[in-house]
Amino acid sequence: MQEQQEDIAIIQMVLQGRQSAYAALVERYQSYVFTIVMRHVHNRELAEELAQDVFVKAYKSLADFKGNSKFSTWLYTIAHHTCLSHLRKRPDSTVLPGDEKMQLVVENHGQSGHHAHVLEQRTQKQLLDQAINRLPGSDAEIVTLFYKAEQSLEEIGAITGLTPGNVKVRLFRARSKLKEILQHVSSEFSMR
Amino acid sequence: MEQQDIEMQLWEYIDGLGTETERAAIARLIATDVQWQEQYSSFVALNAEIESAIETEQPSLRFSKNVMEAVAQAHIAPATNRYINPSVLKGIAAFFAISIVAVLVYAVGSVQWNLSANSFLPKVKPVDFHFGKHFNSTIVWIVFAINIILGLAFVDMRLRKKAVSDNS
Numbered sequence: 001m002q003e004q005q006e007d008i009a010i011i012q013m014v015l016q017g018r019q020s021a022y023a024a025l026v027e028r029y030q031s032y033v034f035t036i037v038m039r040h041v042h043n044r045e046l047a048e049e050l051a052q053d054v055f056v057k058a059y060k061s062l063a064d065f066k067g068n069s070k071f072s073t074w075l076y077t078i079a080h081h082t083c084l085s086h087l088r089k090r091p092d093s094t095v096l097p098g099d100e101k102m103q104l105v106v107e108n109h110g111q112s113g114h115h116a117h118v119l120e121q122r123t124q125k126q127l128l129d130q131a132i133n134r135l136p137g138s139d140a141e142i143v144t145l146f147y148k149a150e151q152s153l154e155e156i157g158a159i160t161g162l163t164p165g166n167v168k169v170r171l172f173r174a175r176s177k178l179k180e181i182l183q184h185v186s187s188e189f190s191m192r
Numbered sequence: 193m194e195q196q197d198i199e200m201q202l203w204e205y206i207d208g209l210g211t212e213t214e215r216a217a218i219a220r221l222i223a224t225d226v227q228w229q230e231q232y233s234s235f236v237a238l239n240a241e242i243e244s245a246i247e248t249e250q251p252s253l254r255f256s257k258n259v260m261e262a263v264a265q266a267h268i269a270p271a272t273n274r275y276i277n278p279s280v281l282k283g284i285a286a287f288f289a290i291s292i293v294a295v296l297v298y299a300v301g302s303v304q305w306n307l308s309a310n311s312f313l314p315k316v317k318p319v320d321f322h323f324g325k326h327f328n329s330t331i332v333w334i335v336f337a338i339n340i341i342l343g344l345a346f347v348d349m350r351l352r353k354k355a356v357s358d359n360s
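Same order as they appear, the protein sequences are chains A and D. Using the working numbering, you'd call the opening residue of the first sequence number 1 and step up by one each time. Using the working numbering, you'd call the opening residue of the second sequence number 193 and step up by one each time.
Be aware that a few hints might be false.
Claimed, not checked - Quick list of the computed label-pair ranges, beta carbon to beta carbon:
id, chain 1, residue 1, chain 2, residue 2, range
1, A, Glu3, D, Asn339, 34 to 40 Å
2, A, Asn166, D, Asp348, 43 to 49 Å
3, A, Gly67, D, Met260, 36 to 42 Å
Said to hold, decoys possible - Simulated crosslink set (DSSO-like; lysine-lysine; CA at most 30 Å straight-line):
id, chain 1, residue 1, chain 2, residue 2
4, D, Lys282, D, Lys353
5, A, Lys148, A, Lys125
6, A, Lys89, D, Lys353
7, A, Lys89, A, Lys125
8, D, Lys257, A, Lys89
9, A, Lys179, D, Lys353
10, A, Lys125, D, Lys353
11, A, Lys57, D, Lys354
12, D, Lys257, A, Lys66
13, D, Lys354, A, Lys66
14, A, Lys70, A, Lys57
15, A, Lys57, A, Lys89
16, A, Lys89, D, Lys354
17, A, Lys148, D, Lys354
18, A, Lys60, A, Lys89
19, A, Lys89, A, Lys148
20, A, Lys179, A, Lys57
21, A, Lys60, D, Lys353
22, D, Lys353, A, Lys148
23, D, Lys282, A, Lys125
24, A, Lys66, A, Lys148
25, D, Lys282, D, Lys354
26, A, Lys70, A, Lys60
27, A, Lys125, D, Lys354
28, A, Lys148, A, Lys57
29, A, Lys60, A, Lys179
30, A, Lys179, A, Lys125
31, D, Lys353, A, Lys70
32, A, Lys148, D, Lys282
33, A, Lys57, D, Lys257
Just so you know, the hints here were simulated from the structure itself, not pulled from any lab data. In this text, a Cβ means the ideal position worked out from N, Cα and C, and glycines have one as well.
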């Protein structure tokens, strides 16, 4: 709540002409915006370019921010649409569809199982993090928004243009996939 | 109850969703049913793992500097409601709504609902409208001319207003 009030105070300063105040908003949200973009494009350079575009777009439209939602929700909506717009122009940005990508994680992990020392180095946390990155972009985005960016199902719905019910189903599906991966890997590990 | 329903309800419970009554019912099932209890424990563990595993990606150190350099060359656009009059939008929406309703009323009104023995489809009266006859008439051209003059007057008015606001 305090963060939201700070955001609104900063926005007022920027709208009154103190452009440098915008840096505080960039600092506060850059990692979240960058992560959301990375979930879609999986390329750091491109993600930086798109994330920068998100902040410039947000700056230009700052007068349109009414404060009806959290600034973060509004900003992530711009990030979501910027990614979708990019992917529409460059559909080759995502190489594999979600399920194939997911299969690849499991297979990669299975292969590494032949080398016990490599497997030991990989913690479950790393695997899960990798698995989240390999979820379909939209699902990974929802997981990130829910767990990391502290957005409610309603807010995620506003960002992604889905109904809260659909968001709930997508989140359920993503969690099931993550659980499946963990179970698959742990059963492989126990068999060796 | 199917496995998927149980899982869905447990996730809703963990996420703090649902009404008090629903939550109380699920809490009771977790306390009494072994299947629900086991599933709940595994989901709580998975939830904690996901929470701890997700880390935000960090952009390069120059990122915020790059953004501020790009922002320095940008201008904040005036709020949309300052240059788009909501009543104009409502007027356009009303025009289309009325047009659609009029067409529907005309179409429904022209349908012959009596079924004949050899046809189950309602007969529609053919529209008796001669475009050439109406669009060649002088009246239509006069209406077009008036619309063009009104349009130009409207554009002129808007541009004058804009010039005044820019100067001020």
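Now the hints, each set against the structure:
| no. | hint | in the structure |
| --- | --- | --- |
| 1 | A:Glu3 x D:Asn339: 34 to 40 Å | 53 Å, violated |
| 2 | A:Asn166 x D:Asp348: 43 to 49 Å | 48 Å, holds |
| 3 | A:Gly67 x D:Met260: 36 to 42 Å | 23 Å, violated |
| 4 | D:Lys282 x D:Lys353 | 22 Å, holds |
| 5 | A:Lys148 x A:Lys125 | 15 Å, holds |
| 6 | A:Lys89 x D:Lys353 | 38 Å, violated |
| 7 | A:Lys89 x A:Lys125 | 34 Å, violated |
| 8 | D:Lys257 x A:Lys89 | 27 Å, holds |
| 9 | A:Lys179 x D:Lys353 | 61 Å, violated |
| 10 | A:Lys125 x D:Lys353 | 61 Å, violated |
| 11 | A:Lys57 x D:Lys354 | 24 Å, holds |
| 12 | D:Lys257 x A:Lys66 | 27 Å, holds |
| 13 | D:Lys354 x A:Lys66 | 24 Å, holds |
| 14 | A:Lys70 x A:Lys57 | 17 Å, holds |
| 15 | A:Lys57 x A:Lys89 | 18 Å, holds |
| 16 | A:Lys89 x D:Lys354 | 35 Å, violated |
| 17 | A:Lys148 x D:Lys354 | 45 Å, violated |
| 18 | A:Lys60 x A:Lys89 | 22 Å, holds |
| 19 | A:Lys89 x A:Lys148 | 28 Å, holds |
| 20 | A:Lys179 x A:Lys57 | 37 Å, violated |
| 21 | A:Lys60 x D:Lys353 | 23 Å, holds |
| 22 | D:Lys353 x A:Lys148 | 47 Å, violated |
| 23 | D:Lys282 x A:Lys125 | 53 Å, violated |
| 24 | A:Lys66 x A:Lys148 | 24 Å, holds |
| 25 | D:Lys282 x D:Lys354 | 22 Å, holds |
| 26 | A:Lys70 x A:Lys60 | 18 Å, holds |
| 27 | A:Lys125 x D:Lys354 | 58 Å, violated |
| 28 | A:Lys148 x A:Lys57 | 23 Å, holds |
| 29 | A:Lys60 x A:Lys179 | 42 Å, violated |
| 30 | A:Lys179 x A:Lys125 | 12 Å, holds |
| 31 | D:Lys353 x A:Lys70 | 34 Å, violated |
| 32 | A:Lys148 x D:Lys282 | 40 Å, violated |
| 33 | A:Lys57 x D:Lys257 | 16 Å, holds |
Hints 1, 3, 6, 7, 9, 10, 16, 17, 20, 22, 23, 27, 29, 31 and 32 from the earlier list are contradicted by this structure; the remaining hints agree with it.
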